[in-house]
Amino acid sequence: AQSVTQPDIHITVSEGASLELRCNYSYGATPYLFWYVQSPGQGLQLLLKYFSGDTLVQGIKGFEAEFKRSQSSFNLRKPSVHWSDAAEYFCAVEGGGADGLTFGKGTHLIIQP
Amino acid sequence: KAGVTQTPRYLIKTRGQQVTLSCSPISGHRSVSWYQQTPGQGLQFLFEYFSETQRNKGNFPGRFSGRQFSNSRSEMNVSTLELGDSALYLCASSIGTSSSYNEQFFGPGTRLTVL
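Heads up: the sequence lines are chains Y and A, in that order.
Those letters in the first sequence? Residues 1 to 113, per our numbering, in order.
Those letters in the second sequence? Residues 1001 to 1115, per our numbering, in order.
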């Protein structure tokens, strides 16, 4: 069965600093990979996705992620965070089968002024 | 284009009762998936409906059921509520099935509290 691990439950970053959120997945073949963001009281918004091709994918709000097959990772990055980036971030995998999206437990991002 | 809407947004029930949640997908979307979000278990897939047929189901007891109507609107039902069913229930819609290159758009969720 597929699984996703987000090792960091909480991350605190100063406004303007760079950000990297870690995500490791377990899946037998090449998965479909996603990053979602959830603000308090809101649903999930898709930041970016990887299906195939270029392993560096660009998303909305200045985010990017890199797929590394050898490390089974799909880390999310942003060069300079803004206070509005404070939220919960979820990495997800979908195997193309019938199991829906499998999510990690999420990383809570705190932005320090 | 209107987004995914879920009603009601908040719900309080007592143990043993049953509840029905509703989800209206984005116009033109034929797939609706349901997820349960709790602090302990995180986000878990419940089931997916496509063209009025349940396409797949997550690892939840039979108390959790759903259906989809011809206009793609979906309802999920939980019978004999337990305290552990307290959660945020999220609905997501997509043009095609979730196993293809189709982005899922999420609604704001229904917060269910079981007392």
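Heads up, a few of these hints could be off.
Unchecked claim - Just some of the chain A residues that point at chain Y, by a computed CB distance under 10 Å:
#1 A1002
#2 S1033
#3 F1047
#4 S1051
#5 L1090
Claimed, not checked - In silico DSBU-like links for lysine-lysine, alpha-carbon gap of 30 Å or less:
#6 Y/K105 x Y/K61
#7 Y/K49 x Y/K105
#8 A/K1057 x Y/K105
#9 Y/K49 x Y/K68
#10 A/K1013 x A/K1057
#11 Y/K49 x Y/K61
#12 Y/K105 x Y/K68
#13 Y/K49 x A/K1013
#14 A/K1013 x Y/K61
No lab work stands behind these hints, which were simulated from the structure alone.
Owing to the predicted nature of the structure, the values given are computational and were not obtained by experimental measurement.
Positions of the beta carbon are idealized from the N, C-alpha and C atoms, including for glycine.
Numbered hints the structure breaks, given as an ascending list: 1, 4, 13 and 14
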